[in-house]
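Full structure from sequences and hints, please.
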Amino acid sequence: MEKEALFGKTLEELQQVCVELGLPKFTANQLTDWLYKKPVSSIDEMTNLSKKARELLSEKYTFGLIDPTRVQESRDGTKKYLFPTIHGKYIETAMIPDKDRKTVCVSSQVGCKMGCLFCMTGKQGFQGQLTAGEIVNQIRSIPEWEEVSNIVYMGMGEPFDNLDEVLKSTQILTSEWGFAMSPRRITVSSIGIVPGLVRFLNESDCHLAISLHTPFHDERQKLMPVEIAYPLEEVLREIRNWDFGRQRRVSFEYIVFHGLNDTPAHVKEMARVLDGIKCRINLIRFHPIPDTPLKGTDEATLQEFKDALERKGITTTIRASRGQDIYAACGLLSTKTLMKN
Amino acid sequence: MAKAEEYVKAERELFEETIVNNVEISPGVFLLSVKRRFDFLPGQVVKLAVDRVQPPRIYSICSGNHEQELRILFNIKEGGYLTPKLAALIPGDKVLVSQPYGGFAGSAKSAWWIATGTGIAPFYSMFQSGLADNKVLVHGASYLNQFYFEDELDWAMGKNYRRCCSREQSCDVFHGRVTDYLRTVENLPADVEYYLCGKALMVVEVRDLLISRGIPYENIIAEIYF
Ligand SMILES: Cc1cc2nc3c(=O)[nH]c(=O)nc-3n(C[C@H](O)[C@H](O)[C@H](O)COP(=O)(O)OP(=O)(O)OC[C@H]3O[C@@H](n4cnc5c(N)ncnc54)[C@H](O)[C@@H]3O)c2cc1C
Ligand code: SF4
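Going down the list, the sequences are from chains U and L.
Residue 63 in the UniProt record's numbering is what sits at position 63 of the first sequence, and the numbering runs on without skipping anything.
Residue 103 in the UniProt record's numbering is what sits at position 103 of the second sequence, and the numbering runs on without skipping anything.
Be a bit skeptical, because a hint or two may be false.
[Said to hold, decoys possible] Anything over 10 angstroms on all C-beta distances counts as not near chain L; from chain U, calculated: (1) E144; (2) I186; (3) Q324.
[Said to hold, decoys possible] One side of the interface only, derived from the structure: several residues of chain U facing chain L at Cβ under 10 angstroms: (4) C112; (5) G115; (6) G122; (7) E158; (8) D161; (9) V194; (10) D218.
[Claimed, not checked] So, partial list: chain U residues that the calculated Cβ filter (under 7 angstroms) puts toward chain L: (11) K113; (12) P195; (13) D291.
Simulated from the structure, these hints should not be mistaken for lab results.
Glycine included, every Cβ here is placed at the ideal spot set by N, Cα and C.
This is how it looks when you write it as structure tokens:
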């Protein structure tokens with residue numbers, strides 16, 4: 001029988017493991033220390049556990065870290081890691097250094113079911129869910145793990161389509177017994193699957209980012225099939241009704257396509273649909289994917305679009321493109337070829 | 001009350017309907033009928049639930065917009081929450097149904113309708129609503145018994161109804177996947193609309209293929225059963 005990973009279990013689940021193995025309940029707290037706070041990678045290294053306890057644990061469990069099998073480094077210092085998954089598939093993770101920050105962009109699924117027209121991950125279809133352990137492993141198993149300052153769930157997959165595991169992963173990252181990170185350093189990005197959104201707002205304190213890309217229903221439907229199931233209007237209704245408090249942030253991602261969603265009509269409609277929502281818009285340059293009919297907007301139009309949104313009173317930033325030369329930039333992650341081999 | 005529970009309770013007002021019929025039309029695939037309460041555009045979806053514990057799931061309407069009954073075509077998902085419960089419903093049982101909504105709506109314009117599996121549902125609704133003129137319907141399935149409504153569609157649409165079966169062979173049926181079939185079509189018209197419905201991989205592969213064959217992406221509308 002395959003041994004189960006301890007890494008990726010919550011304190012409560014580890015307490016359950018201890019009960020099953022006849023170990024004292026406090027052993028679970030020792031386990032979380034070893035799993036989530038210390039630079040060790042095997043049960044044998046958990047030296048404050050009795051030899052008997054370690055033997056019992058090793059019979060059924062492994063520590064559970066998975067090393068990346070490949071790393072590529074961009075001219076701008078961004079790194080892209082390739083991780084195998086438990087079920088023999090592959091995912092990618094990006095690490096983006098910026099002055100004193102190191103942001104890790106994690107994947108939540110192998111591939112994706114959502115089929116957005118502009119996204120490389122979407123083109124590979126869906127090959128499976130990641131466990132919380134596999135999500136957190138993308139942070140813990142890179143060499144920079146102790147320096148990671150921010151985490152964004154913007155890699156492969158739609159986090160709200162794997163919400164149980166995503167919420168478990170943020171619990172491990174933010175709990176005192178876990179990585180003890182502030183939820184304000186974590187942003188989960190979604191295209192807006194409404195039942196998942198509502199649960200996420202209730203059950204997590206992490207920031208929220210919504211991929212908006214155009215405020216017009218018909219246009220969004222052509223770019224993002226999810227618009228048919230959960231129209232933007234419904235997503236915004238939920239967000240508008242939610243009290244984000246002073247600390248928690250909602251932002252909207254907006255890839256700017258030439259001649260498609262970069263017009264004054266879009267600025268006007270954005271101001272209308274976002275009215276009453278305290279938010280920020282992140283404008284993203286489009287990174288062309290093979291055979292795409294879409295084009296990125298030019299720098300002058302991008303700047304003008306930003307200024308026009310700001311004139312409407314919407315805080316707007318232009319996100320720097322990072323890691324484009326190694327296909328680590330936004331929308332470029334894919335393991336399709338590896339899957340086929 | 002917690003916000004999540006509120007959402008499940010209030011969301012798009014769910015109406016209690018009585019099951020009129022629930023027939024297994026192919027192994028593991030059911031056609032469920034309730035009395036129709038609202039008007040809808042053929043191609044639209046409803047949300048469906050059997051309780052207020054979990055959020056409802058989304059289903060394409062699979063009946064004509066003038067019919068007395070509203071029907072849903074679904075297959076049982078192993079390990080799924082709702083579909084095993086839906087499959088067990090019998091006439092007289094209750095089900096919760098939302099108002100119809102969604103922009104995957106058929107029209108009288110020329111179009112190609114491309115589906116796999118239960119993705120045929122919105123097209124059958126369009127067909128039953130009198131929109132099948134000027135249409136080509138391509139339906140992909142793994143097995144021959146998964147061409148739901150084939151007798152009717154074959155009779156009414158003739159050569160414009162094209163079946164693609166990837167795992168079994170039969171005369172009149174293309175042997176291969178929908179994408180394989182589309183590759184054999186020499187002149188895919190660029191000035192018609194393409195409606196795609198089914199699982200993600202089929203949708204994205206067909207969409208890529210159409211775009212590579214010169215179809216403007218604006219002419220392609222995709223519904224993914226995620
Ligand atoms: C726009 C739209 C239209 C649709 N129309 C139709 C239609 O006409 N007919 C039809 O049959 N379907 C349709 N669907 C799909 C439908 O909405 C349901 O997703 C499907 O019926 C399964 O529902 P379920 O509750 O049985 O399964 P779910 O409980 O939703 O589970 C689905 C699958 O995911 C797995 N799963 C569940 N929870 C988890 C988890 N936490 N982690 C990992 N895996 C998990 C399950 O094992 C199962 O295989 C449509 C979907 C959309 C978005
Ligand atoms: S943009 Fe996100 S949701 Fe859309 S296909 Fe890509 S990974 Fe999936």
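Here is what the structure says about each hint:
1. For E144 of chain U, the requirement that its beta carbon stay farther than 10 angstroms from each beta carbon of chain L is met, with the minimum near 33 angstroms.
2. Separation of I186 of chain U from chain L is adequate, the least Cβ-Cβ distance of about 20 angstroms exceeding the 10 angstroms criterion.
3. At roughly 22 angstroms from the closest C-beta of chain L, the C-beta of Q324 of chain U stays outside 10 angstroms, upholding its exclusion from the interface.
4. Here the hint on C112 of chain U is kept, as its CB sits about 7 angstroms from the closest CB of chain L, short of 10 angstroms.
5. For the restraint placing G115 of chain U at the interface with chain L, the shortest Cβ-Cβ distance is roughly 5 angstroms, inside the 10 angstroms limit, so the hint holds.
6. The interface hint given for G122 of chain U is met, as the beta carbon of that residue sits about 6 angstroms from the closest beta carbon of chain L, less than 10 angstroms.
7. Because the closest C-beta pair between E158 of chain U and chain L is about 8 angstroms apart, less than 10 angstroms, the hint holds.
8. For D161 of chain U, the interface hint holds, since its Cβ comes within 10 angstroms of a Cβ in chain L; the closest pair sits about 7 angstroms apart.
9. Of the supplied interface hints, the one on V194 of chain U holds, with its beta-carbon coming within about 8 angstroms of a beta-carbon of chain L, less than 10 angstroms.
10. Satisfaction of the interface hint for D218 of chain U is found here, the shortest Cβ-Cβ separation to chain L being roughly 7 angstroms, below the 10 angstroms cut-off.
11. Checking K113 of chain U against chain L by beta carbon gives a least distance of about 4 angstroms; that is within 7 angstroms, so the hint holds.
12. Below 7 angstroms, beta-carbon pairs count as interface contacts, and P195 of chain U has one with chain L at about 4 angstroms; its hint therefore holds.
13. Annotation: D291 of chain U was flagged as interfacial toward chain L, and the flag holds, the nearest CB pair being 6 angstroms apart, inside 7 angstroms.
Checked against the numbered hints above, the structure violates none of them.
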